[in-house]
Structure formats: structure tokens, C-alpha cells
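Residues in the sequence shown are numbered consecutively from 21, following my numbering.
Please keep in mind that the hints were generated in silico from the structure rather than gathered at the bench. Among the clues, some could well be false.
Said to hold, decoys possible - Listed below are the simulated DSBU-like cross-link pairs for lysine-lysine, each with C-alpha atoms no more than 30 Å apart in a straight line: (1) K172 with K32; (2) K30 with K62; (3) K173 with K88; (4) K88 with K162; (5) K130 with K52; (6) K90 with K172; (7) K52 with K149; (8) K149 with K30; (9) K77 with K124; (10) K130 with K88.
Treat the numbers as computed from the prediction; the structure is a model and nothing was measured.
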Amino acid sequence: MNTIEITKIKIKNSLADVWYDEIYEDNNREGKYVNGAYLIHKDFQNAIDAFKPHFAKLLDLREGDIIKKKIEDYHEEAFANLVISGITFGGVGDDFGVCIVGTKTIRGGKVIPQNTPFEKVFDDNSDYKFRDHLNDCILRAKYEAEEYIINKKHRIGQMSIDYQGQAEDME
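The whole structure should be built from the sequences, with the hints applied where relevant.
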């Protein structure tokens, strides 16, 4: 049975583009891409938003200063000016890691795009003390991405009806 390995997730306007490798039984890989044609499910968005505190800490942003001992203990409002727009996974074994892409909105409404440095999740020499939680976020995001592309777990968008146009047709 073939398996897949998510390599990149890009979120824009509640749509997800997902890059992945399909791994065949003979260990050959084929890179594939799914264009985000469907709105992402709330669970997928929550999995992406869980990277916000890591984005802040890895970039040494002021928002990351509120995190002292546990990265799970934060208020979403503290990261309201941060948006995660992409996650790239790379490396194998001890070299496996992640790069988080996002934006920070500053006073005046200006938006600053930023990328975190590549953070190796299993590197014992890293001084980043929230690697276990970061790995949990990675596993959750990959799971939700697989649900999105394989099991078609999407959010149903609200349709609108043009009542004005119908009223004009009735006249």
C-alpha cells in the first residue's frame, strides 16, 4: 500500500495548497501537489494556528515573551497579529525539521512577511526548549493535511442567493 509524506503546506484565504511525496511499495517517491480548491476545515486551521507561538519564539518576536515555561499556556489574543501562511518540512531522522512562514501586522496595518530559521526537531544541541510541542504541532498539521487531500475533510462554504436578481426576473 502506498503512503504519503507531507512536505509543504501553504494557506491563503482559507484554502490549502499541499505538496507531498507519494511513497510506493518499492520505496520510490513521486512528488505531488494538491491545489486548494476547498475551504479548510476548522481543525486544519487550528492545527496551523498552533504554530503561532513557535513562530513568535523562533523569531524572537515580542509576542513570544509571554511564553515562559509552557508553550501550551497562551491566549490566542496575544498572537492575533500573527498569521501562519505556510509550513515546510524537511530533513530525515535527526535532521528532520520545519520552517514556518507567516506575517506580522504592525501598527498602521503594515504587514511584515517573515520566515523562521529551519528548526531541527530532534537536534539535542538546539537551544529551542519547545521542540516536543513543535513536533506535536507538526504531526497534527500533517494529519490534517492528509485528511484534507485523502479523505476530503473540507469546510462547507456558505452559498449566497441573488434575491435582487430573482426579483427583477419576476417583474
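Consistency of the hints with the structure:
Straight-line distance between C-alpha atoms of K172 and K32 comes to about 18 Å, which keeps the hinted pair within the 30 Å bound. Under the criterion of a C-alpha separation no larger than 30 Å, the hint pairing K30 with K62 is consistent with the structure, at around 15 Å. At roughly 35 Å between alpha-carbon atoms, K173 and K88 are farther apart than 30 Å, so this suggested pair is violated. Of the supplied pair hints, the one linking K88 and K162 holds, its CA atoms being roughly 27 Å apart against a limit of 30 Å.
Using a Cα cut-off of 30 Å, the hinted pair K130 and K52 is violated, with the two alpha carbons roughly 35 Å apart. Of the supplied pair hints, the one linking K90 and K172 is violated, its CA atoms being roughly 34 Å apart against a limit of 30 Å. Distance check on the hinted pair: K52 and K149 sit about 33 Å apart at the alpha-carbon level, beyond 30 Å; violated. For the hint linking K149 to K30, the alpha-carbon distance of about 26 Å falls within 30 Å, and the restraint holds.
The straight-line distance between the Cα atoms of K77 and K124 is roughly 13 Å, inside the 30 Å bound, and the hint therefore holds. Taking the CA atoms of K130 and K88, the gap is near 28 Å; set against the 30 Å cutoff, the hint holds.
In this structure, the earlier hints numbered 3, 5, 6 and 7 are contradicted, and the remaining ones agree with it.
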